[in-house]
Structures are given as C-alpha cells and as structure tokens.
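Trainee: Residues per chain are reported as follows:
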Amino acid sequence: MATPITAGAVAGEYMETFVIVEWRVGVGDTVAEGDVLLTIETAKAAVDIEAPSAGVVSAIFAEADSEVPAAAVLCLIGKDSSDVGYDGDDAPVKGSSLSSAPAPAMMVAERAAEAPRAAALSARIIASPAARRAASAAGVDLRAVRASSPSGRIKLRDVSGASQSVPAFAAPVSAGLPADENGPLEVHRSGAKGGTPVFMIHGFASDSLSWYPLDRQLAKDHPVYRLDLPNHGTSPKRQIGSFANLVREVRDAFDTLGLDGAHVIGHSLGGALALALADTRPRKLASLTLFAPGGLGPKVNGDFISGIARASRPDSLAAWLKVMVHDQKLIDPAFANAAFAARADGNLRAAQSHMGETLFADGTQSFDLVAALHRLECPTRIIWGRKDRVLDWHDALQAPGHVGLHFLPDVGHVPQLEAPDLSLGIISALIKSV
Amino acid sequence: MTVMRYAEALNAALREEMQRDPSVFLFGEDIGRYGGVFKVSKGLRDEFGDARVRDTPISEQALTAMAVTAAMSGTRPVLEIMYADFLPLSLDALVNQASVFTYLWEGQVDIPFVLRTQGGGGVGTGAQHAKSLDAMVCHIPGIKVVAPATPADAKGLLKSAIRDRQPVVFLEHKLLYNTRGEVPDGDDVLVPIGKAKTVVEGKHVSIFASSKMVIEAENAAKLLAKDGVEAEVIDLRTLRPLDLDAIRRSIAKTNHAVVVNEGWTFCGYASELSATIMEHCFDDLDAPVARVAMPDMAIPYSEPLEMAVLPNAVKIAAAAKKALA
Amino acid sequence: MINAPSTDELKDIHHKMVVTRELEEVLGAYAKEGKTRGPIHRCDGQEAVGVAACAALRADDYVCTTHRGHHVYVGKGLTTRGIVAEIFGRETGYCKGRGGHMLLGDVKTGMLGGNAIVGAGIPAATGMALSMQILKQDRVSMVVFGDGAAQTGICHEAMNMAGLWKLPVIFVLENNQYGLTVRQEVQSPVEDLSVRAAGYAMPGEIVDGNDVEAVYRAVAAAAERARRGDGPTLIEAKTYRVKGFSTSDMGGYQSEEEMAPWLERDPIKLSAEKLSALVGADTVAAIEAAARAEVAQAFETALSDPFPTFEIHAPSAAYSETK
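Residue numbers (this note's numbering), protein chains in the order written: chain Y, 1 to 434; chain F, 1001 to 1325; chain X, 2001 to 2323.
Just so you know, these hints were derived from the structure itself, not from any lab. Don't take each hint at face value.
[Claimed, not checked] Listed next, with one range per pair, are the computed distances between beta-carbon atoms:
| hint | chain 1 | residue 1 | chain 2 | residue 2 | range |
| --- | --- | --- | --- | --- | --- |
| 1 | F | 1186 | X | 2002 | 48 to 58 Å |
| 2 | X | 2315 | F | 1186 | 24 to 34 Å |
| 3 | X | 2314 | Y | 138 | 38 to 48 Å |
| 4 | Y | 183 | F | 1186 | 55 to 65 Å |
| 5 | F | 1057 | X | 2315 | 29 to 39 Å |
Using N, Cα and C, we set each Cβ at its ideal position, and we do this for glycine too.
Put together the whole structure using the sequences plus the hints.
Mentor: Here it is as structure tokens:
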C-alpha cells in the first residue's frame, strides 16, 4: 500500500484549490521522511509539502503550474515504484489540472470541498468547545463525526443529538472578503504594433476574455488593449467604495498606457465606465462604442447582479448566463464550465459580490451618465439587443442626435456574443469613419 | 419621547444636571462662548455663566489633573477633551492620579468627574483626529468608560456619569452627533452604567459593539439576514465595567461571537472582549471569537484609504460568516 | 508685624519641625537595618518650608505636597502615629497601608496629599482652588513643590490657568537645589525661578526657606490675597536638601563644602535660637523633648498595629456586578 500525499491543512482553511508551483521529485525518486516533495501556492503564499515517511515516489498525479482541488491526492509514496495501490484510490480526488480540463476538474473541486479536510489528516480531533460539550453530553464519539465546516473543525451542528438551528448558508461559501490587494489593473495587449489603438472594458462579472472573438478580428489591424476591472479576471481584488472610485481606477489604467486617439469599446458596466472615461479624457478618444451600456437609467436586474456574482457552481452560473442572452442554446455546459473556470476563485466571487452590492445597491444604477452622453465629442455608436433582460435598451433613446443607435432584434444583453459579425461591422465602419 | 440629535441629547443632560446640582461645572476648550466645536454645550454659558461653563487654554494635561482634584474637593467637573486623540495628554491624571487615589484614599474622597471626548474616523480628519483609544482608557482600574450609540443612551448615560462617585470617561463619536433618535422625557431618566442592551435579537451569532460600531453591526445583521443568518447585536454601552452577564447570555444562545471595536486590533478593546469570552464562555463557543477592528497602523487621510481601514458592516458580516462556516 | 506668627505658633512650628526631624532620624535608622519597605525620601534641612507654610493656613485649607512631604504631613496636623503606621503598612495608617510614605492623604486635615509624580501636585492644588472658586468658598489651596517639578510642562499649564482665573492657590516652590542628582542650574537657565510669576500675572517672591518666620509671613500674605479673590502667589523658598534623594541614593554629588553653610543654617537650630530668645532655652528644650517622646511613642504603637488584609477593590473592577 502506498501513502497518498495531499496538501492537507496547509492548503489553507478556506481555499478550494491551490496551484502546484514546482515538483522537487520525480516518479521513481527515493525520498526520506521530511524531504520536500513539491511546493504549492495557496492564499498567496508558497508552502513546501514534505514526505511523511521514507519511500519511493510511485506516482505523480498533477503537473507543475496546474490548479488542483484542495483535497486532491498529489502523488504516492510507496515501497517501490510499482507500489501504486492506496486506500481510497477509487475516490475521484486525484490531482488534475483545472486549466486543461475545466469541466471534470470543477466537479472534483466541488466534491473535494465537501470532504472533511484537516480533521482527516490528524489523529487529534479538531472540534469546537461547544461541539465537545454537546458530544460528551450526548455520548457521541467525535472520532465518528464528520466536520462540515471548511475549517475542518467539528462544530455543534455536526454532533448528532445536539440541537442547533443551522444558518441557511451552511454550505461552504465565500469566507468573507479577501484582504485588499494592491497593484495596477491588468491590461492584456495583443495585435498589431501600429494602427490606432483599441481599448476594451468588459462588464460586471465578466472579464477581458469575453471580448473573444471581437478582439481577434480587431487585433489584425490595431493594437488591442483589454482591461480587467478590479475583482475581475486577473486584476487585483480590492474593495471598491463607489462608482467614482471605479472610474478613477479605469482612468489610471488608461492613462498609464499613454494611448492617443484610442477607439474605446465598453460593455454594460464597462460601457458606463467608457462613457465616464470619454467624459474626462475627451481628447484621448477617437471613437466610442457602447454595448448595452449602464448608467443611462436607474433600472437594472438586481437578481442577476447578485446571482451571477455569487454563483458557486457551473449550474447556477449557467442559469444566470442564460439571462444574459436571448438564444439559450448559446449557453451549453461547455460554455458554462469555461465561464466558471474563470470564476473558480471564491475570493474573486466574494469580491465581485461586494462590488455588485456597492455599485448596484438596492438593485439600482445610482450612477447617472446621461449628461456625460450629451457632452460626448467623439463619434459614438450604441449597440443594444431588444431582448436585453439585464438593462433596458430604451435607456439609449436619451442619446443626443449625433450618437448612432443600433437596436438588434432577437439579441439580449451581449450583442458582441450574440451578433458578433454585425457588431464587428458597426465598429469597423465607425473606426474607418474617423 | 422627544426625537432629538445625539448632540442635543448630551446638551439636555448637561443642562438638567447643572440645574439639579450647582456643584456641576463644565470646562474645556471652546466650550463656552462658542458652545463646543461639536456644539454639545451650546447655550449653556448663557444660562449658567462663565464660571460654570468655562473656556480654557489648550492645556489638556493640567485640565485633566485639575478635574481629578476639583472632584475630590466638592465639585462635579465635566471636562471636554476635544478629540480622543488628545487622551494621551490626559493619561497621567487618569493613570497616576484618578485611578490611584480611587483606591488609596477610598472612604476619604470621591472623585466624581466626567471626561467627555469624541473619537472615530470616517470624515477625513486624519491620523491625529480620528482615533478610537477606547482600549487605552479601559485599561485603567477605577475609571469607568461608557460609549453610547444612541441619543437616548447618550443622555441617560451622561446623567448617570455626572452623578457617579467615580471618574467616568465618556466616549462620543463625531459621526453620531447628528444622528437622531427618540429620547425619553423627564429629568430623572437615567441609563445605568455597566448594563449592555440587546438591539437586535438573533440566534446564530452574537455581535458585540459600542458607539458608532453598533450601527455598523446592525447593518451587518441586515446583510447577514439575506443569507438566512440571524445575528444578535449587543450594544455594550459601558466598556468598563463590562456587562459580563449580557455577554454570557448571548453566547450561550448563539455559540458564535464577533467582537467589534473601531480602535486598533492588537491589544485593543476587541482583544479584551475576546479574552473575556474565552475565559467565561469557552464551552459555549462553536468557533473562535472573531475580532473586527482597525488594522494596526496610523489612520490614513485619503478617502479610499481611510475607508479601507475602518471597520464596517461588510467586514463584520464577513467575520460572522467565517465564524459560522 | 503683619502676618507674623504668634509665639504660640512659633512654639508649635518648632515642635512640629523637631517631630519631623526625629521621625526621619528614626526612619533612617530603621532603613539602615532594612526594616522599612521601599525608599524613604527625607526632608532634613527643609522642615521650615513645609511646617511653617502649613502653619499659616487654616485647618480647612488644602495642601498638596511631593514624595518628600513629611514636613507637610506633620505641619498640616497629621498624627505621628498615623504617619508611621502608614509608612510601615499598617491597618491604622492614614491610607490603611495602601499608600505608603509618598502617597499619604488625609482629607480631615486638608492634606491631599503626597504625590510621587513630579509636578502632579501643582495642577492638583490648582484644581482644588478651581473647586473653591466655583463653590464660592473662602478657602485656599497650597502646593509645596520642588525646583525639579518647576521644569514640568504641567507646571506652566496649571500656573497659567491659576493666574488667568485668579484662583485661590499658593505655589510654594521649595527650591532645595536638586532634582534627584542634578543641580538646579543644570535644569533651568534662571537662578531665581520666582521670576516666572510675572508670566502668569501673579506676585513672585523669594524667601529664606530655612527661616520659619519668613516662610510663614509670605504664605500668610498669599493666603490673604487668595481669600480676597486676588489670585495666586508664587513663593520661592530657598533651602537645601542635606540627606540625598532617598534611602537608595548612593550620594557622591553633594560636596561637604557645598553642604557646610546649609548645615550651619539648619532651620531647627535657627528656630531654637529665636524661640529661646522669646521663651527661654528651658522651654525650647522641653518642646524638643516632648517631640522626641511623641515620635518614640508613635513608633512603638504603630509597629504593634495590625497589618491590613487584602480585599479585591470593587470600584476598580473590570466587570459590573454579576448575579
């Protein structure tokens, strides 16, 4: 029987996954007790995993740079390199990369999150004082009790015979907000060296990847800069106090690039931000394209905002993604899994939830950019689906005469996804006209 | 009941106690002609005269020391220290005089003075005018410390503080002065020192707070309610002597505790609450006590920076969720 | 002469100075044998300041003093037995053994009190004077403080307010030349600290601190002024600390040449000479013998008094009462 190696408690109390930074051993290597097997990165810290006993590394289940579930078996240490049987090897928690195969990995991660963590790895029983007292009173052996908490600690609710009403959200959810991260916003650059630049701002609960395939086409003739908003994509996670603060962050990122005469494209919240950017940097913009922009009226689908940000499983995410589009077939499981893979980080979801609560408090868009729309000097197009269920396309009717309006039939909140060719055509014509 | 602002409630308490007892007098910087920078003593100089509502030089050290001995010798001084950040200047009088002689000269003299001050951040007053130094004064034996959150408690506790035989540090919050609330009518409606109040009933997690943090805790309870969590919010009202019974009762019911204080975290008031709960409620705990307090650093000026360090409803709710998970 | 002490008062002052000296001599002997607890700060050579200044006050006036305040304790009328009992930590001490020799207080005699934070007595007396003014009483408060305390910031704050509000307080600056081991000229740029009174719009006066009559007259005049509502007075009594800082002082910084003229002008010796001229040497000798007997009796009684028993101090408790 080989010994399965997991990250155990060092994976971090509230982490669902971690990243393998480096393997220090290979299959067939002989190790002594205490030898470092691999280094993982968890909760922004690198941690070495040591061999609990001497032996031979008989199997390695996860590659360096891959993201694996917290409870995953990372490798085996056996008597020799053929010793690969171990207790629980039918359990589907072998390390597997999230990036290479998002869908099954997600399922694995979910099951892993349900499994007791620290308690299983230690002979010492980790239980809260209240749980211990209740177990003692009820004659319950804590060794037979499973911890439901992500902390791995047996709580009162886990002790049968103990009566305690459990809060509705007892499933492992975001453990509060992560600490604020510093640093500039991420801007992904691609495309041609020359040509007028294109600057793209995605919407709420989305990220810079969502511009595909629009950005690929534009990149043929232009340098394309795709921004990740704070708490989105690969940008830092930090609390956003207000819409004005968010505008400031976007403007800082834009200013840092030093772009002159950029064609700015924004979607939804990103549309509102693009408008605000145009309002304060009028001479830096060559044109403006707004997909279903926010900020032109108070109405917003508040359930969508909180629902999509919180969705902690591909299924629940898919349900909200379907609200975004008119043609429901667009949201197939592969799409949902891929979208979820980008949102697997619980901290990111928690940070987005909080950002959504701040920006869309009371299910309302409290920032008003109608006046900014009227002050616009650069050529501008608004593209909006008539079947939008997130924002109200009628808001666009407040636009002044020089803004071109395109209302697309049988299209929802994401014209660039639902009608990519038409969207690209409108943008290309606009850019050429400048 | 009369609806009044927190500052007005304090003003009413001062007026009523000065009318009731001629040995009560007020002194402090800018409190007389100007009525106090937060207008708590507005109009009192006109009613009671310069001698009993006295503008002072900027001399916090001596003023506090004088409050101690004036109290020993027949009067009931109410000293206003403009900002809690200046409390370090008052410390010798509190630590080496008031505290010491409360014990050493017990039975010979009472020391009935009130030191009123206000602290707290949120309005860009910067690192020297926004602190909450609750822990610093709560460390001192023989000194009572109260920190009311509502106009009714502000009035009732200030009246109790003025009538108390011991020194009372009365902590106000600059963001509470304009809050409104119902205040019971009547000159003799007192709020007892040393009694906490349950402001939100709940059964899943207890949140202990004082002063403005009570409002944040109440908002946290609303956030938590969306997730089906019924949080109980206890307004401590008195920080020293602490109402241990109220803490015990609540934790026996919820098994989870979040302790909140706007002051620094390390060696802070929240730390003391946490230690108290560990000692007295250990077997009732189903999760470690969660502290929500100011990071251990000076308070920055710029709005996003200041907001980042201040404890708030979101941080409290997050701590509660973590405890409950 | 205006404000001069009567012969009876001079006799009483002499008696109390000898009690103070004898008390300290006996304490010193006990300290050498290791029978005292903590440091003892002796005021040998400074007795005239504390005793004569207190003699010029009324019984209901308040006085605050320093960690070196035996002369004020005795001068304000505390019993020798109560003082000794407190110094030896007994239940019968003025603070039931809670305070010790530096932190003695007795509200009945208006002695509130000793204070071992240098400078703390200055705002203490000023605060009492504020109380007296607000209550419209004709009492005064007095603080006896040293040249070291005169350099604290709180001294400035308190004197400024006393001058500003014309508070009935008397500042007796007992200039014994030393702040712990450091001479006054190393601590202040002015030789006569009384010049500072001008900055607070109050009279400043220098008196011979070893001359009981000079001290008495200055304090009596200041008390009159204060009771009239004319405000505070600063009296700088020049004297000298002949016994070092405390029982734990290793010495070595006060030369014999420096000390000799002050020993020559010992206040008790000067007082005895003056009093002998008034009442005869026999009477003076009888006063001194009575004083020594009183001290001997006080030690005998106090040392057989019981120690206090420890109790938690409820008013200092961190938690409100639980039921």
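Trainee: Compare the structure with each hint and give your call.
Mentor: The hints, checked one at a time:
1. F/1186 <-> X/2002: 48 to 58 Å: holds (56 Å)
2. X/2315 <-> F/1186: 24 to 34 Å: holds (28 Å)
3. X/2314 <-> Y/138: 38 to 48 Å: holds (40 Å)
4. Y/183 <-> F/1186: 55 to 65 Å: holds (58 Å)
5. F/1057 <-> X/2315: 29 to 39 Å: holds (32 Å)
Checked against the numbered hints given earlier, the structure satisfies every one of them.
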